[in-house]
Amino acid sequence: MKFICNDCQEVMAFVDNTPATDGGSLTISYTCPACGRTISMVTNPGETQVVRSLGVTIGHEALGSASPAPMAMIREALAGQDATTTAATGPEPVWTEAALKRLSAAPSFVQGMVHRLYTDYAQQKGYTEITPAIMNEARDALGMTGM
Amino acid sequence: MSKSPQPDVLGQVLAQREAVAARLAQIKHVVAVMSGKGGVGKSALTANLAAALAMQGRTVGVLDADLHGASAAAMLGARGQPVVVNPEGARPAVGVADIRVMSMDLFLTGDDSPVTWHHPGGLAADTFVWRGTMEANILREFLADTAWGRLDNLLIDMPPGADRFETLLRLVPNLSGALVVTIPSQVSHLVVRRAIAAARQSGARLLGLVENMAGLTDGEVTRELFPDGQGPAFAAEVGMPYLGRVPFDPELARTTDAGRPFVLEHSDTPAGRAILSLAETLEKILEQK
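Sequences listed follow chains E and B, in order.
Terminal number for the first sequence in my numbering: 163, no gaps in between.
Terminal number for the second sequence in my numbering: 533, no gaps in between.
Keep in mind the hints are simulated off the structure, nothing from the lab.
Backbone N, C-alpha and C fix where the C-beta goes; we use that ideal spot for every residue, glycine too.
Take the hints with a grain of salt, since some may be wrong.
[Said to hold, decoys possible] Below, a list of computed lysine to any residue pairs in the SDA-like style, where the Cα atoms sit at most 20 Å apart: (1) 141(E) / 324(B); (2) 141(E) / 326(B); (3) 141(E) / 158(E); (4) 117(E) / 342(B).
[Unchecked claim] To spell it out: a stretch of chain E is covered by chain B in this simulated footprint if at least three of its residues, at any positions, have a beta carbon under 8 Å from a beta carbon of chain B; those stretches are: (5) 113–121; (6) 132–144.
Assemble the whole structure, with the sequences as input and the hints as a guide.
Now the structure itself:
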């Protein structure tokens, strides 16, 4: 979209944009390079949100911003609706030989999944290694049976 | 007044597409499993097909594109694993047979949590437009941000209906192809026929037709469920290869619901053999491209 200054017949230049405080609309300003006249247009809030739903940033939030975090859009959209997303913390714990032996007794098609679940549990608890005792603890905490 | 730089919306959209392409570059085959018709057992078939491919030594991922009917995590035993987000991406859950899973289900903590989107502007107007774009972009985010790692096969379990398939094709222009699932009923054929036509108009490669719930098995005996089912003839009518029929086994429903795809423990049954055969056929077709 372009705007023409009627007096000067010049294409007006984009100057600035400002998001409204409710996050639903955007004020966009243009100026005439010849006479300096400035105009502002205010977008319809719905239109602004449709653009936002493309997963892009607009207005001042876009200027100088880094790439969005992974799954940023889905996490924002689910805000307040029990979205569960946690960041990994600490180094991954080491599996002891005894724990690996016990893991190998599980059916082969669940070993990878169980390995992940117990590793995540130990990592969240700050354990540096996984032993059969910690497997017992994780099994009880996670409500798993027979592992 | 100083001039501010303009936010580069087009540049951001192009960067999003590049991010999808970069992520999928590590995946050998991306296959959509679609139907057009709901209730044909597409998700259960996807889970079992993924398990069969894993049994054949493939590294497999499943992306659950059915945002409002997400079931892949449950069927693959991956529920309850939180999505861990690092700067490099979101780690998929690991299900049975080491199948990597990404699903809306993993973002919701409770069984009663509905999938409803927080609308930043708090507006009711234009919601249907906003919602459609939003959900298309969530699919894009699943594709671009999931740290799948190297995969032989990524199966995308599509929601019922044909519209989301077109979205997928725009995001993944080099999609390896689509498997089309039907059941042997005339109503299913009618709906699936339209979905096939829509997919064809989008320029998708259609890999073949699978007939699910084709008979009911009791041990080695299979009896027909749908008297009018003529899968091979239907496949010929719509100009697609007929990849086979998978009979319904009550045990398949029970085990898959429990998060252990049937084929893992019942590979030597009519349904198990059919699923394994389908996986082998799919691999051959994909290698031929």
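Against the earlier hints, flag every one the structure doesn't satisfy and list their numbers going up.
5
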